[in-house]
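Participant: Listed below, chain by chain, are the residues.
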Amino acid sequence: MYLRNCWYIAGLPGEVTNEPVGKIFLGEPVVLFRTSDGTVAALEDRCCHRHLPLSLGKVSNGHLQCGYHGLEFDASGACVSVPGQSRVPPGAAVRRYPVVEMYDWLWIWMGDPDAADQGLIPDVFWRDDPVWVATGEYWAVACAYDLLIDIQLDNTHAPFVHPDTLGSSAITDTAPRVERTDRTVSAGRWMMDVVPSPTFARAIGTEENVDRWLLWEFTPPSLCAFDIGCAMAGSGAETGDRSQGVTLHTAHFVTPETETSCHYFWSVGRNYNVDDIAVTGAMHAEFKSIFSEDVEIVEAQQKSLDNTSVWRPIDVNADAPVLQARQLLKKFISAETDA
Amino acid sequence: MYLRNCWYIAGLPGEVTNEPVGKIFLGEPVVLFRTSDGTVAALEDRCCHRHLPLSLGKVSNGHLQCGYHGLEFDASGACVSVPGQSRVPPGAAVRRYPVVEMYDWLWIWMGDPDAADQGLIPDVFWRDDPVWVATGEYWAVACAYDLLIDIQLDNTHAPFVHPDTLGSSAITDTAPRVERTDRTVSAGRWMMDVVPSPTFARAIGTEENVDRWLLWEFTPPSLCAFDIGCAMAGSGAETGDRSQGVTLHTAHFVTPETETSCHYFWSVGRNYNVDDIAVTGAMHAEFKSIFSEDVEIVEAQQKSLDNTSVWRPIDVNADAPVLQARQLLKKFISAETDA
Amino acid sequence: MYLRNCWYIAGLPGEVTNEPVGKIFLGEPVVLFRTSDGTVAALEDRCCHRHLPLSLGKVSNGHLQCGYHGLEFDASGACVSVPGQSRVPPGAAVRRYPVVEMYDWLWIWMGDPDAADQGLIPDVFWRDDPVWVATGEYWAVACAYDLLIDIQLDNTHAPFVHPDTLGSSAITDTAPRVERTDRTVSAGRWMMDVVPSPTFARAIGTEENVDRWLLWEFTPPSLCAFDIGCAMAGSGAETGDRSQGVTLHTAHFVTPETETSCHYFWSVGRNYNVDDIAVTGAMHAEFKSIFSEDVEIVEAQQKSLDNTSVWRPIDVNADAPVLQARQLLKKFISAETDA
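Chains as they are written, first to last, in the working numbering: chain A, 111 to 449; chain R, 111 to 449; chain Z, 111 to 449.
A few of these clues could be false.
[What the hints assert, rightly or not] Listed below are the simulated DSBU-like cross-link pairs for lysine-lysine, each with C-alpha atoms no more than 30 Å apart in a straight line: (1) R:Lys413 to A:Lys168; (2) R:Lys168 to Z:Lys398; (3) A:Lys413 to Z:Lys398.
No wet-lab data here; the hints were simulated from the structure.
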């Protein structure tokens, strides 16, 4: 059971050019294409006539034309032309999915199109704000999407999964306080007046003490956003003034593909040394390495679950944020199902 | 549910030599081998003793000998020898399937052996008639056999699936009249006193106007036969005198392998320039290219259907012949099932 | 349904070093590792917390540490440490399987650990007795384990499966008398005062007549042990005095992996020419060739069964030992299930 009335990332804008592109989201075949005015549309990737994937067809005059018998569909999913006959048969249509191009990603709404509210797209302003520099990748991952969420929200895996990078950090020693709102689960740690990490010392340009923070927020169904940084000690970052500091954002969006596979979009952005390509490259490489260690774990976990008839996990204290997040997601899904 | 009391093509005569050959037809394992007199026999490809495929055994004195314990079976499927004992246990037998070698193909009857009637083998005389020259191929195709039938009977896919060859032809502009008999669905178009296509102009050796025809006939479960040609305008071809014309036959036989795969045998024959190897080669290459475009479509269609819980296709006008053919096949299968 | 309260071979001692090793036995994931004192322990290969395979973790201070969140398990399967908290949650444990290292194999007890009785390990003394020399291999085989048992107990397949080696032997001409005890099915043939086979003539160092034997014993669920040899004619081998003879043992242990795959451990040992490496190499090569012919058959048989809805085999006379063995195994399993 997936949450449907929400935005998922469908891909990168550059993926959809003149040719239609077929993908699977939430177990459903979806075709993405650009209409005459260049906007991206998404339809059910299955012709209503003989069920050929429409992604095997082509875009013709802004319509999506099936590659089998040439039926044409507009961006609303309505069949607007059937070769060889003047009238379109009643009911000839495919499902449409609202799409928005924003923050250098394509966002798709898999639920009721009329409920699609662009205002619900999570705020990842740093993806295309010129005072920030962002990077990231797309990975196809062979696990249920929620396993990939879990590993983001649980910091205690770091010493075991990332022993050579994050794992050595003392940051995992204390449990964060988890906060829950109607729409999010979040947690954070502030370490006041401490020595900066080598990376941040270089970033902020000082060896003096700093106030450090590590904050994260989960927005169901599948966005985990991290806010990491430091500022000169006592400069007021904790109360909102980050002018004397540097910030690094990471975002993990996971779009379910099937029940045991997902689309993983991760991104990292920073607001310091933004013109230094070497810093960007190093940052990308470091996070890529860390996130790929996560992927190795969750794919192995999925294989283990495939071979498990009943999942009866024992929980530990550190699972609190994961359990809160799962509970909130479950609540969202129940609300949608009951409605 | 397959039609069983009918002939399917099992393969090419040259495939079955000294060694038994195992295949799957209608979901059932079948072994083909040659008996002492050189005729081809077909049995269940599963020893009645420990179920090893008999195709892993060998032919010994015209009997098929299992490769595990040496049980021997004759062409009727009866076990005639069990090593180490003088008596064959009661019930030791495997199913037999009548086979006929005709028109340079092997035909197999998957139903009641006693009902096998060689007279029901479709007439494809041009496959081995010396005034004709025929060519063709066998392809394993990853789709339900009926999808491959559908695409033969539906001419309106040509502009979209075969844009560079058939698709440009004006021949698809008018709907054919579909005719149905007790045993066939057929349709055809006659275009009287028209310019010949370049290919046929060369074939008939004139640039003058001709009467052209495109006729096809579907015989359940899975034979689609085409009759294409032209004759000098007004020479009486439409009423039966083709002496002033040239004819090209194509045949598409599809034998179900499993519910989502089939054996596709196609053939093309002509009665003009029969000694010109270059024409044969060009004809083969052209049709091979066209038919492989069909296969690309139906295999993609199958994948789409695999991911579709309920198939509720919308029909269009051009589906008339396909729907007639499906209906006739369904009637045949129902009759067999009720009997 | 598997027999559980019995010993299966889990692998070779050399396989389990510093790193944990994951395998599947009887459909269950099992991890093997060495504790601080070097003994091998076996646990469920699935952390009780988030179900990552423990074989992806590492051994730390003799405990098995999960590679995800660092939970540690001792050899009894009890979770003894959860990072970040002082108390281990109730119920945090994984299943344990008793393991014994003996005869240069690792033996695992897949049933009730308290019922594990080392005395029930089959006697294959010749595997590590210095007056014997033994060799063998491990193979992953793609068939249900009982198919691989069947082929051992049935000598009549030799002329068909092993035509170039065993098959030519006259030894298969006479049916053995099958004997059954509470715990075994066995059979044997004694051929008194006959010419020795070339191999045994060389082994015993004479061309004179010998008394030959071929004895085998099946111990459920999956051990087939052969005892083959000859002694000077009339020297009393049949009544127990083998001092004037030579003996060759082969053992076939099969551990179920899944319902259609198994772990096959075979071994061959002899008490003659024990220092002659060339004889060992030739013996190994010969049996390897023979046993791989068996594997080819049973894997093909499995594929055939996969495509068979109901297995209704016809039995022949030579199946007597196989049927006795299957019956005894069934009795063992029923007894265990009823208990």
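Participant: Could you run down the list of hints and mark each one as holding or not?
Facilitator: Against the structure, the hints:
1. Distance restraint check for Lys413 (chain R) and Lys168 (chain A): the Cα-Cα separation of roughly 19 Å lies within the 30 Å cut-off, and the hinted pair is therefore satisfied.
2. The hinted pair formed by Lys168 (chain R) and Lys398 (chain Z) meets the criterion: a straight-line CA distance of about 24 Å does not exceed 30 Å.
3. Between Lys413 (chain A) and Lys398 (chain Z) the CA atoms are separated by roughly 34 Å; this puts the pair beyond 30 Å, and the hint is violated.
The structure fails to meet hint 3 from the earlier list, while all remaining hints are met.
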